[in-house]
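*Asks:* Each chain, letter by letter, is given below.
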Amino acid sequence: MCQSSVLNTDSLSKIDAIVEKYRGAPGALIPVLHAVQAEFGYLSQDVQARVAECLNIPAVKVSGVVSFYHFFTDKAKGRFEVGICMGTACYVRGAAEIVREFEKHLGIKMGETTKDQKFTLSSTRCIGACGLAPVVTVNDDVYGKLTVDKVKDLVQSYREK
Amino acid sequence: MIRSHILVCAGAGCVSSKSRLVKEELLTRLKLQDLTEEIRVIETGCIGTCDLGPVLVLYPEGVFYQKVGVEDVAEIVEEHLVRGRVVQRLLYKEPLSEEILEKMADLEFFRRQYRIALHNTGAIDPDNIEEYIARDGYFALGKVLSEMTPETVISEIKQSGLRGRGGGGFPTGLKWEFAARSTSSTKFVVCNADEGDPGAFMDRSILEGDPHTIIESMAIAGYAIGADQGYVYCRAEYPLAIERFVSALEKAREMGFLGENVLGSTFSFELELRVGAGAFVCGEETALLSSIEGNRGEPRPRPPFPAVKGLWDSPTIINNVETYANIPSIILKGAEWFNKIGTEKSKGTKVFAMAGKINNTGLVEVPMGTTLRELVYEIGGGIPGNKKFKAAQTGGPSGGCLTEANLDTAMDYDTLLSLGSMMGSGGLIVMDENTCMVDIARFFLDFTKDESCGKCSPCRIGTTRMLQILERIVNGEGIPEDIDALEKLASFIKDTSLCGLGQSAPNPVLSTLRNFRDEYEAHIYDKRCPAGSCQALIHFTINAATCIGCGICAKHCPSSAIVGERKKPFSILDDQCVKCGVCVQECPFQAIERR
Ligand SMILES: Cc1cc2nc3c(=O)[nH]c(=O)nc-3n(C[C@H](O)[C@H](O)[C@H](O)COP(=O)(O)O)c2cc1C
Ligand code: SF4
Ligand code: SF4
Ligand code: SF4
Ligand code: FES
Ligand code: FES
Numbered sequence: 343m344c345q346s347s348v349l350n351t352d353s354l355s356k357i358d359a360i361v362e363k364y365r366g367a368p369g370a371l372i373p374v375l376h377a378v379q380a381e382f383g384y385l386s387q388d389v390q391a392r393v394a395e396c397l398n399i400p401a402v403k404v405s406g407v408v409s410f411y412h413f414f415t416d417k418a419k420g421r422f423e424v425g426i427c428m429g430t431a432c433y434v435r436g437a438a439e440i441v442r443e444f445e446k447h448l449g450i451k452m453g454e455t456t457k458d459q460k461f462t463l464s465s466t467r468c469i470g471a472c473g474l475a476p477v478v479t480v481n482d483d484v485y486g487k488l489t490v491d492k493v494k495d496l497v498q499s500y501r502e503k
Numbered sequence: 007m008i009r010s011h012i013l014v015c016a017g018a019g020c021v022s023s024k025s026r027l028v029k030e031e032l033l034t035r036l037k038l039q040d041l042t043e044e045i046r047v048i049e050t051g052c053i054g055t056c057d058l059g060p061v062l063v064l065y066p067e068g069v070f071y072q073k074v075g076v077e078d079v080a081e082i083v084e085e086h087l088v089r090g091r092v093v094q095r096l097l098y099k100e101p102l103s104e105e106i107l108e109k110m111a112d113l114e115f116f117r118r119q120y121r122i123a124l125h126n127t128g129a130i131d132p133d134n135i136e137e138y139i140a141r142d143g144y145f146a147l148g149k150v151l152s153e154m155t156p157e158t159v160i161s162e163i164k165q166s167g168l169r170g171r172g173g174g175g176f177p178t179g180l181k182w183e184f185a186a187r188s189t190s191s192t193k194f195v196v197c198n199a200d201e202g203d204p205g206a207f208m209d210r211s212i213l214e215g216d217p218h219t220i221i222e223s224m225a226i227a228g229y230a231i232g233a234d235q236g237y238v239y240c241r242a243e244y245p246l247a248i249e250r251f252v253s254a255l256e257k258a259r260e261m262g263f264l265g266e267n268v269l270g271s272t273f274s275f276e277l278e279l280r281v282g283a284g285a286f287v288c289g290e291e292t293a294l295l296s297s298i299e300g301n302r303g304e305p306r307p308r309p310p311f312p313a314v315k316g317l318w319d320s321p322t323i324i325n326n327v328e329t330y331a332n333i334p335s336i337i338l339k340g341a342e343w344f345n346k347i348g349t350e351k352s353k354g355t356k357v358f359a360m361a362g363k364i365n366n367t368g369l370v371e372v373p374m375g376t377t378l379r380e381l382v383y384e385i386g387g388g389i390p391g392n393k394k395f396k397a398a399q400t401g402g403p404s405g406g407c408l409t410e411a412n413l414d415t416a417m418d419y420d421t422l423l424s425l426g427s428m429m430g431s432g433g434l435i436v437m438d439e440n441t442c443m444v445d446i447a448r449f450f451l452d453f454t455k456d457e458s459c460g461k462c463s464p465c466r467i468g469t470t471r472m473l474q475i476l477e478r479i480v481n482g483e484g485i486p487e488d489i490d491a492l493e494k495l496a497s498f499i500k501d502t503s504l505c506g507l508g509q510s511a512p513n514p515v516l517s518t519l520r521n522f523r524d525e526y527e528a529h530i531y532d533k534r535c536p537a538g539s540c541q542a543l544i545h546f547t548i549n550a551a552t553c554i555g556c557g558i559c560a561k562h563c564p565s566s567a568i569v570g571e572r573k574k575p576f577s578i579l580d581d582q583c584v585k586c587g588v589c590v591q592e593c594p595f596q597a598i599e600r601r
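Chains as they are written, first to last, in the working numbering: chain A, 343 to 503; chain B, 7 to 601.
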């Protein structure tokens, strides 16, 4: 078993179990990070350190990979992550106005999280639903053909959840 | 006995338009009418007309219903399936002729297509391997293993003239031959499903709608080059594709199409899916390999090419999803057949993802050499609101734009290159008179700057500099020297960057400068955005002749930018206006102009 960490034992054993599943597979680091982020929501420094220790690789290698890929994040996100597609199809169909509208209703800028930790506003790359541009995701829900006037109600519906 | 099949599109587009709920409702209604024995409901991959989703096709007649809501299902079941009467109001109307069409085959969108890579997508249930097999699935693999040597497979692919669909257009057969020649005992077959071009979604649709085609082709490639392990590298943004592909892998394994001794032969092949983590540069082949190896996805210099020294330093072939999707048909129908489709140097078909300002957005597969006009106006149904076509971007952030003057050019690899654009993956983004070309160039530079891996400074610093200049121009702060500076930076970045990302990053700027220089000049010299899209350059003014001084606009303005005395013309304080456009909507007398 891997040693030492400030994480609680429950978290530790979760990470260990994930690493065990991929151990020996060539190029295991990225699949491991995917699985760990799915479990914890983000990859804190402690979590990254534990992964490095368990895989027996330098911690800088893990942080290098985490910082390279947009999908990995070392910061906690809000309960609802609003992802506005900024792919070309969505941009041409007015994604920039949608961004301004969300910023207005959530009171935060792109990339920020609301104080109550409820919403994070982020931009995503094309999710391949370009036929429905502009497209916005809220966690796993996808909203296509979004218009500026629908944003307020959409935000409200998640506020109430 | 089954008398009717209902295809319910469950591609990513339709799933977002709630096609799953429609399917549930359909099953419930069929049960109520006691029709479950007679009517089969099949969930398919993307049918192609995503903006019309949820889409349903009813066979044997082939009736095409669009924008079907849960509330429409009862009527379809009672009218169509029980009484045999087509539900007129759910049929499709051609946007230009306004003709109402009943059958899928009558739609211009489908009539003009020639489907090879997409031949199963949207037609079968991707989760059902038997349906794939029923349409000659895995027959090509069987043929290859029982009747062909690796050499004859490669020679067939070479003769077909198939070129890579992922961007470069490199001859596929040649690539396979390079890897086959190596005597290395370890080799790999890789499928590039990173689909980085934002606006292209054919690879996603194929993986979601016809995953077994990719499994079959990769096994064929493995046999041809002598590899027993393959990897599919799929972007993380495609959860549905990942789910369907993983499930297809299991079924293929169970039925002996993967694993030890495939179909009882001496050939063994394993396949694994790897999920990307959001980095455009990982679509570049050497970066992709580095990512599969578990590292930062930084490109490495070529040569050595992956076919010589690839994954874990072993010979590796990398092909795009759509490239693979052509292989089984070529094996079964022969190189001669494939060779006759397309143009002299671009054989076969190409899938285009049409999006942006176009009526029929979606996926279409047409013979190489189809003109842009046919795509935009005949298949695509023209531009919404009868607006004027301005340009179409091909090749995504690495490509360029085609203009009205290019409408009649044949779309193939070489023609597009000669026009300063490129085929790329087949993303085709249509833009109309309201799209600002300078802003589009800025948009792409913003993308490439963000996605530059930072390994080499011309790309990292150069794209940042170009973006700063473009931002200045769209903000109305451009200076006359800017155009010159952009051109100089562009050629420097192109000449000195290590990988294709940097080498092609300036293309959208160069292409818009070539075709729409007047728009750049209008921004720089006149501080005007001809498309009326750049926020900083839009101005709201009140026409004193039409304004009656009612004050309604002033009441609604969120930033108190409108002033005036009642019954006299009001005016807008430009420096206080936040350009929200509310006043234009509120004025009952259309006295406010946006320019
Ligand atoms: C920056 C960059 C991004 C790329 N992205 C993709 C991609 O998303 N999908 C793809 O198939 N090829 C992409 N390519 C091309 C690949 O490097 C490679 O040429 C291709 O996968 C080879 O397959 P093909 O011969 O079947 O086209 C990209 C190239 C560059 C330079
Ligand atoms: S050209 Fe850009 S993306 Fe390519 S290696 Fe250099 S910095 Fe990285
Ligand atoms: S555009 Fe908006 S901010 Fe500007 S004057 Fe009109 S209402 Fe006021
Ligand atoms: S609403 Fe129209 S008519 Fe009334 S004051 Fe404003 S601009 Fe003039
Ligand atoms: S560009 Fe937004 S989904 Fe493709
Ligand atoms: S997803 Fe249904 S038509 Fe494309």
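Note that these hints are calculated values from the structure, not bench results.
Worth double-checking, as some hints may not be accurate.
What the hints assert, rightly or not - DSSO-like, lysine-lysine: derived pairs with alpha carbons at most 27 Å apart:
1. Lys419(A) - Lys500(B)
2. Lys417(A) - Lys356(A)
3. Lys257(B) - Lys363(A)
4. Lys460(A) - Lys24(B)
5. Lys585(B) - Lys451(A)
Because the structure is a prediction, the values reported are computed rather than measured.
*Asks:* For every hint, state whether the structure bears it out.
*Replies:* Evaluated hints:
1. Lys419(A) - Lys500(B): The given pair, whose Cα atoms are some 38 Å apart, is violated under the 27 Å limit.
2. Lys417(A) - Lys356(A): Holds, at roughly 19 Å.
3. Lys257(B) - Lys363(A): holds (22 Å)
4. Lys460(A) - Lys24(B): Measuring from Cα to Cα gives roughly 25 Å; hence the hint holds.
5. Lys585(B) - Lys451(A): Roughly 18 Å between the alpha carbons, so the hint for Lys585(B) and Lys451(A) holds.
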